[in-house]
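Here are the chains, one letter per residue:
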Amino acid sequence: MTATIPELETAIDRLLLADANALDSKDMPGWLANYAEEDQASYYCRAAENTEHNLELGFMFDDCRARLEDRVTYVNEIWAGTFQDYRTRHFVQRVSHRQVDARTVEVVSNFSVFMTPMDAGVTQVLAAGRYLDTMRLSDDGGAKLLSRRAELDTSVLPRYLVYPI
Amino acid sequence: MADVTLTWPKNYNEVPKAAFTRSDLYADEIKRIFHGPEWHPIAHESELPNPGDFKTMRMAGIPLLISRDEAGVVRVFYNACSHRSNQLETAVMGNKTEFECPYHRWLFNAKGDLVGCPNPREFLPGFDKADYPLGQPRFELFYGLIFVTFSAETEPLDEFLGEAGETLRELMAGDGRLKLLGYQKVRYDSNWKGYNDNDGYHAPLLHAAFKMLNWQGGKGRQYTCTKRGHVCFESALSVASGPSVLKDKELIAFKGQDPSVGSRIVQLFPTFVSTKHLDVINLRFATPVDAETTEVHYAYFAHQDDDAEMVRHRLRQSSNLLGPCGLISMEDASIFHRIHIGSHTPGNAIFQKGVRDPGKLESEFLQNDESGNLPRWEYYRSAMGFERAEA
Ligand code: FES
Ligand SMILES: [Fe+2]
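These protein sequence lines map, in sequence, to chains A and B. Position one of the first sequence corresponds to residue 1 (full-length UniProt numbering), numbered consecutively onward. Position one of the second sequence corresponds to residue 1 (full-length UniProt numbering), numbered consecutively onward.
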C-alpha cells in the first residue's frame, strides 16, 4: 500500500498521540501495544549528551521486545508502592519524517514532559528532547514503533524516573 | 569553636534529624568539609582517554576543568580564567588542546600555561604571562580515579583511603584500566547527607525485585575504615535462580570471573559512592548543590580488555540495573527524597540493626547491618565541632 502524505502524517500523529496518552494514563500495557510485535522492537531513553560523545549508555536500554515487556513488569509489579507517584503530561510535535520503504518510516518529533508529584503537587518540567522513531506501517494504514530513541536535552534529570519518557 | 552548634545525642546510634534539615549548617559544612581537609573523587581518567580530552564539572560549587595534554598527562584546573575569573570552558566534555577565554581573549594550553593575551603592554608594569597560569587545586590519582582537595592540610590520598583503597582498586577491575560507557545524571531533592546515608548498600527489604527474581543476597563482609568511617562491602555474588518474572534474564546475568567476591561497594566520606555488582562498574560523583539538593553523576565503565560482547553486556546491564531508574535502585532514589521530607520532624533518627551497644562504635559489621553508617556520623560530628551530650 502506498499512503499519500496526509495519510502517512495522520498515521504518524495517531501513533505519537497514542503513546503520549498511554504514558500519561500510566497504561503500561497500552504503551507496549504501541510497539511492533517484532523481536527487535526497542525503546531507549538517554541524554543526547551521551549520544553526541558516542556513549551508548542510557537511562533505559530496552533493545528487544522482551525488555519492553519487562519494563511493564518493573512498573506494574516490581516497583509498585515504593516511590512517590507523579503525573506526567507529554507534549509531542512531529518535525520531520522520511519514508524508508513501503513499510517503514523514520520520524523525528520534539517532546516536553511536565511532571507533577502527587505529594507536593507543584508542576515542573521533567524533560525536553526529541524522539527519533522508526515506525512500521501496516496494511490497514496504522503505524507501530519499531524503535524509539528518546534523546533528552535534559542531561541532568530533576528526579528519578519510573515511567518511560 | 564551632560557628554553628547542634547538640548531638549521647548514643552513637542516634543522629539528630536537624542535621539533615537545618539550612544554617550548610555554609559551615562547605567550609569545614567540602572546602576543608577531604579528598573528593571528580572523574576517572578513562573518561578522557585521548590527548586533548577534557571534562568539566562542579564540586561543591567550585568549577573544575580536568584535561589531558598532548603528551597524555592529566591535570586538574579551576575552570576559571586567570584574568578576571570568567568561566573558561562551557562544554561538559570534549577535545581541545587550547582554551581561549572569550572575554579578553587570554589563551591557555592544556598544561594550563597562559600562552597568549592581546595588548599586554597596557597591563600592569612588569606583567609576565608566566605569572598567570590557570589555578589548580591539589589533586592525586588512584588507579586512574582523580581526587581533588581544596585544603593544604589534607593528608596524602593513600592515608585518606586507608584499607578502603584495596577494595576500591578491586572494584575498579583490579587495575583501573577502564573504558567509559556513559553517564546517568540526576538531581535528588535531598541534603547530601541524606543521599550518602542511604545510597550504597542497604538491607534488601526495599526491593521487591530480589524476592520476585528469586535472588538471594550473597554472604559478605561490611567494614569501616579510617577516622572518617569510609564504608566498604565485599560479598559473594549470588546469581538469581529459579523462576523469574523477567523475560530478558541477561539483565541479571553474571559473565565475569570471580563470583566469590563479585560484589563490592566503597563509600568515601563525604559523598562518593562506587559499586561493582554483577558486571556493572559504577562510580558516582556526587556534590551538594544547596542544602536541599544533591547532584549525582553515575558514570559506568567496561574494562579495556573486554571483548565486544562483554562491552555490550555491560552496556545493557548498566543502563537498566542501577541508577535513578534502575531495576534494583529506582526505589533508593525515592528514599533519598522521602528521608529528606521525613527528617523535617523533631527528634533523632535511631539506627537499630547491628547496634549491640549504643555507647560503642565498631568497625566490622554484618552485611545487612545499618550500624556501618555510624562511624561516619561520628566523624561528621567531630568535623563540624558539635558536642556530644554527656552520658
Ligand atoms: S576574564 Fe578571561 S580574558 Fe579576561
Ligand atoms: Fe537499594
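Just so you know, the hints here were simulated from the structure itself, not pulled from any lab data. All values reported here derive from a predicted model rather than from experimental measurement. The reader is advised that the hints may include incorrect statements.
Just so you have them, the derived chain B footprint on chain A, three or more residues with Cβ under 8 angstroms [to be verified]: (1) 69 to 78; (2) 82 to 94; (3) 131 to 145; (4) 157 to 165.
Where is the CB? At the ideal position from N, CA and C, for every residue including glycine.
Checked hints:
no. : hint       : result
1   : 69 to 78   : holds (count 6)
2   : 82 to 94   : holds (count 3)
3   : 131 to 145 : violated (count 0)
4   : 157 to 165 : holds (count 6)
Checked against the numbered hints listed earlier, the structure breaks hint 3 alone; every other hint is satisfied.
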